[in-house]
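Below, each chain spelled out in residue letters.
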Amino acid sequence: MLLLMPFLLLTTSVQKLAGIDLLLAGSNAELPPEPPGIVEGLTVVVHPDAAMDITAQVRRSDVGAKTGETEARAERIAPLAEDLDLASLQTVLRRYKGLDPEREQATLLPADSLNNAQVVNLMDAMRRDGDGELFPRVALGVEPPVLVPATAPPEGP
Amino acid sequence: MRRLLNKPTPSTSLGVAALAPMVDMLTILLVFLLKSYSTDAPVRPDDPAFSLPMSISEQPVQRTLAVDLTAHGIYLQGQRVAGTRYYLEQDDTLISELYGALQQLPGDRVQVRADADLPYALTRKALFTAQQAGKRKVTVVTVSRSSL
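Chains as they are written, first to last, in the working numbering: chain L, 1 to 157; chain H, 158 to 305.
Treat the hints as calculated values from the structure; they're not laboratory data.
Keep in mind the model is a prediction, meaning the values are calculated, not measured.
One or more of the hints may lead you astray.
Straight-line Cα separation of at most 16 Å, EDC-like style, residue types lysine to aspartate or glutamate; simulated pairs [what the hints assert, rightly or not]:
{"hint": "1", "chain 1": "L", "residue 1": "Lys-16", "chain 2": "H", "residue 2": "Glu-215"}
{"hint": "2", "chain 1": "H", "residue 1": "Lys-192", "chain 2": "H", "residue 2": "Glu-215"}
{"hint": "3", "chain 1": "H", "residue 1": "Lys-294", "chain 2": "L", "residue 2": "Asp-21"}
With the C-beta cut set under 10 Å, the calculated list includes, among others, these residues of chain H facing chain L [stated by the list, open to error]:
{"hint": "4", "residue": "Leu-186"}
{"hint": "5", "residue": "Pro-210"}
{"hint": "6", "residue": "His-229"}
{"hint": "7", "residue": "Phe-285"}
{"hint": "8", "residue": "Val-297"}
All C-beta atoms, glycine included, are put in the ideal place defined by N, C-alpha and C.
So that you can see chain L by itself, here it is in the shape it has in the complex:
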């Protein structure tokens, strides 16, 4: 033990590195196919003011509905004290996970003004929450973002 202790103290690094494998969503990128499910597309768009838009393509509830016959659902999450409201994001994602438990992939389109720490926190929040796994395969958008303003301008007279 007296030999092992100095060895470990000299060689142990404080930081343990961890990797997050990425899928890159772009115009020429082919994302791996997902098993067919009720949720056929799930995208989280994060605006510069930390507001988030979650859009999902959910198969219609008609009995005869086939793959591709979907309806778009959109939800908006306001920022929490000018920061990302990750808890609300996880609540919404958990709901979609409940609709399609087999789905593992979601797309994230962060605003360019966010910093890397915020983007990693977003990816972590999308991958799992307190109740377990959400969407472990996160596809990051790498094309220049075309973002709609989070707050619609008031219509003038």
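Knowing the structure of chain L, use the given hints to seat chain H on it.
Chain H in isolation, oriented as in the chain L frame:
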């Protein structure tokens, strides 16, 4: 004379009693160090301001091509290839110097080590450049929250 020769040895009970707690402490310390043992080399030790973002991920990082995004420059395998401020201000998505360098290197894996405080815009451009250069498997390197 006999009493001097037969001097009783000092009692060793106090020394043995003090040794046991020390061994207990060393054992606990040993277990703690073994549990958090990490051979990962520090990233960019020459830049004390550089820090990786933290993540809950526990996936180990493989040895692949490394692209470092720091406040001072963009590095590939430790060699500076481009300036950070230029590409933060430019609208171009492709980092041409990085693209040319990545194309010459074999393999389809690359790891991106970006400073936590840098804008995501630069990371996005680096990811796009890696994708265009044929590096399909990209890993973002972070610091595990379970590290010391």
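- request: Quick one: which hint numbers does this structure break? Sort them smallest to largest.
  value: Of the numbered hints, just 6 does not hold.
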